[in-house]
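K.L.:
If you want the building blocks of each chain, they are given just below.
Number of protein chains: 2
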Amino acid sequence: MGQTNPPFMSGVPELLLLRLLEQREMYGYELVKAIKLVTGEAISLGEGVIYPVLHSLERGGALKARRKKVDGRTRVYYSLNAKGRTRLERLQGEWVRVQSGVSAALEAPANA
Amino acid sequence: MGQTNPPFMSGVPELLLLRLLEQREMYGYELVKAIKLVTGEAISLGEGVIYPVLHSLERGGALKARRKKVDGRTRVYYSLNAKGRTRLERLQGEWVRVQSGVSAALEAPANA
DNA sequence: ATCTATACTTTTTAGTTCTAGGTATATATT
DNA sequence: AATATATACCTAGAACTAAAAAGTATAGAT
Numbered sequence: 107m108g109q110t111n112p113p114f115m116s117g118v119p120e121l122l123l124l125r126l127l128e129q130r131e132m133y134g135y136e137l138v139k140a141i142k143l144v145t146g147e148a149i150s151l152g153e154g155v156i157y158p159v160l161h162s163l164e165r166g167g168a169l170k171a172r173r174k175k176v177d178g179r180t181r182v183y184y185s186l187n188a189k190g191r192t193r194l195e196r197l198q199g200e201w202v203r204v205q206s207g208v209s210a211a212l213e214a215p216a217n218a
Numbered sequence: 107m108g109q110t111n112p113p114f115m116s117g118v119p120e121l122l123l124l125r126l127l128e129q130r131e132m133y134g135y136e137l138v139k140a141i142k143l144v145t146g147e148a149i150s151l152g153e154g155v156i157y158p159v160l161h162s163l164e165r166g167g168a169l170k171a172r173r174k175k176v177d178g179r180t181r182v183y184y185s186l187n188a189k190g191r192t193r194l195e196r197l198q199g200e201w202v203r204v205q206s207g208v209s210a211a212l213e214a215p216a217n218a
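These protein sequence lines map, in sequence, to chains A and B.
According to our numbering, the first sequence is numbered sequentially starting from 107.
According to our numbering, the second sequence is numbered sequentially starting from 107.
I should point out that these hints are in silico values taken from the structure, not numbers from a laboratory.
Do not take every clue at face value.
Claimed, not checked - In silico lysine to any residue, SDA-like type, Cα no more than 25 Å apart, as pairs: (1) A:K189 <-> A:G199; (2) B:K189 <-> A:S209; (3) B:K139 <-> A:V138; (4) A:K139 <-> B:G199; (5) B:K142 <-> A:G117; (6) A:K139 <-> B:F114; (7) B:K170 <-> A:E213; (8) B:K139 <-> B:T110; (9) A:K142 <-> B:Q198; (10) A:K189 <-> B:Y133; (11) B:K139 <-> A:V204; (12) B:K189 <-> A:G199; (13) B:K142 <-> A:F114; (14) A:K142 <-> B:V202; (15) A:K139 <-> B:V202; (16) A:K142 <-> A:Y157; (17) A:K174 <-> A:V138; (18) A:K142 <-> B:K174; (19) B:K170 <-> A:L212; (20) B:K142 <-> A:V138; (21) A:K189 <-> B:S209; (22) B:K174 <-> B:E128; (23) B:K142 <-> A:S116; (24) A:K189 <-> B:E128; (25) B:K189 <-> B:Y133; (26) B:K142 <-> A:L212; (27) A:K139 <-> B:R203; (28) B:K142 <-> A:G199; (29) A:K139 <-> B:V204; (30) B:K142 <-> A:E213; (31) B:K139 <-> A:F114.
As the list claims (entries may be wrong) - So the derived label-pair ranges between C-beta atoms look like this: (32) B:R203 <-> A:R196: 23 to 31 Å; (33) B:T192 <-> A:S209: 20 to 28 Å; (34) A:V155 <-> B:G199: 16 to 24 Å.
Said to hold, decoys possible - A partial selection of chain A residues facing chain B, derived with a Cβ cut-off under 10 Å: (35) G146; (36) L151; (37) G154.
Here the structure is a predicted model, which is why all the values come from computation and not from measurement.
Beta carbons are placed, not taken as given, at the ideal position from N, Cα and C, and that holds for glycine.
Generate the whole structure from the sequences, applying the supplied hints.
P.N.:
If you want it as structure tokens, here you go:
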């Protein structure tokens with residue numbers, strides 16, 4: 107008892123973050139802009155979504171953080187480590203599964 | 107104030123229900139099985155998800171309910187009305203938008 | 001007699017995401 | 001000089017969904 111699964115469609119913000127960080131290290135504010143960009147404006151996640159996810163991924167050992175001073179401002183750059191790559195693969199697999207399922211439902215005339 | 111948007115990935119259970127009911131009238135228990143079937147087991151929504159959604163859609167005027175007695179058991183058949191068809195179109199459009207956005211993010215090498 | 005499948009329902013809990021605020025520095029504008 | 005905008009971080013609280021769990025009841029199979 108007490109063992110609950112996360113909502114079946116969740117984890118997309120996380121998936122997007124991990125996918126971007128797989129390509130190169132980035133900082134939070136940069137990720138906010140990047141997500142809007144790569145999704146063609148389709149998805150827009152505010153800082154209030156991004157930062158908490160970054161922190162929880164770091165706590166969970168999926169991300170490594172590195173502070174860097176640039177132009178007097180401090181940036182926190184995040185990069186994937188092994189655990190993060192595993193997690194990315196898992197989330198990506200789940201997404202493809204769900205996405206395929208929904209597509210099937212939408213396309214199927216579903217009759218003889 | 108007080109005006110909040112729904113989570114950007116939500117509404118998939120609703121979308122699936124509406125899509126199935128667009129094809130023919132069905133009852134709750136039937137929908138539970140049908141969703142598993144048409145999504146190729148990718149998505150499995152329990153009765154605790156289906157019934158509340160059906161009720162709220164009915165209250166909102168998107169669905170019409172019709173009770174029917176079959177073999178001593180009572181079934182509540184639901185069918186789409188105009189409002190439901192509009193809602194289906196909107197949700198489907200949203201889904202396609204988000205789905206495309208995520209796909210773009212997953213596929214993009216995103217560099218020069 | 002018991003178990004499984006059908007059929008509906010509601011309550012509680014868990015979890016994510018959204019909004020809205022807050023701090024602070026640098027640069028551009030008026 | 002003052003103000004506005006962009007950068008960059010952070011968090012608390014609210015809103016909302018969906019999951020789990022349990023409950024009622026009938027029919028049919030073992």
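K.L.:
For the pair supplied as a hint, K142 of chain B and G199 of chain A, confirm whether the alpha-carbon distance does not exceed 25 Å.
P.N.:
Holds: K142 of chain B and G199 of chain A sit about 18 Å apart, inside 25 Å.
K.L.:
Next pair to validate is K142 of chain B with S116 of chain A; report whether the Cα-Cα distance is within 25 Å.
P.N.:
This hinted pair holds, its Cα atoms lying about 19 Å apart.
K.L.:
Holds or violated: K139 of chain A and F114 of chain B, Cα atoms, limit 25 Å.
P.N.:
OK: K139 of chain A and F114 of chain B at ~17 Å, within 25 Å.
K.L.:
Run the distance test for K142 of chain A versus V202 of chain B: straight-line Cα separation, threshold 25 Å.
P.N.:
16 Å, holds
K.L.:
With chain B as the partner, please determine if G154 of chain A meets the hint condition of a C-beta pair closer than 10 Å.
P.N.:
13 Å, violated
K.L.:
If you draw a straight line from the CA of K142 of chain B to the CA of F114 of chain A, is it 25 Å or shorter?
P.N.:
Cα-Cα ~13 Å, so holds.
K.L.:
Okay, T192 of chain B versus S209 of chain A on CB: inside 20 to 28 Å?
P.N.:
Once the Cβ atoms are compared, 22 Å apart, the range 20 to 28 Å for S209 of chain A and T192 of chain B holds.
K.L.:
Is the Cα-Cα distance between K189 of chain A and E128 of chain B 25 Å or less?
P.N.:
Outside the cut-off at roughly 43 Å; violated.
K.L.:
Does R203 of chain B sit within 25 Å of K139 of chain A, going by the straight-line distance between their CA atoms?
P.N.:
Judged against 25 Å, a Cα distance of about 18 Å means the pair holds.
K.L.:
Once the shortest beta carbon distance from L151 of chain A to chain B is found, is it less than 10 Å?
P.N.:
8 Å, holds
K.L.:
Starting from K142 of chain B, check that the Cα of V138 of chain A is at most 25 Å away, please.
P.N.:
35 Å, violated
K.L.:
With respect to the beta-carbon atoms only, verify the hint that V155 of chain A and G199 of chain B lie 16 to 24 Å apart.
P.N.:
Roughly 23 Å apart at Cβ, these two residues keep to the hinted range, so it holds.
Of the numbered hints listed earlier, those contradicted by the structure are 3, 8, 10, 12, 18, 20, 24, 37.
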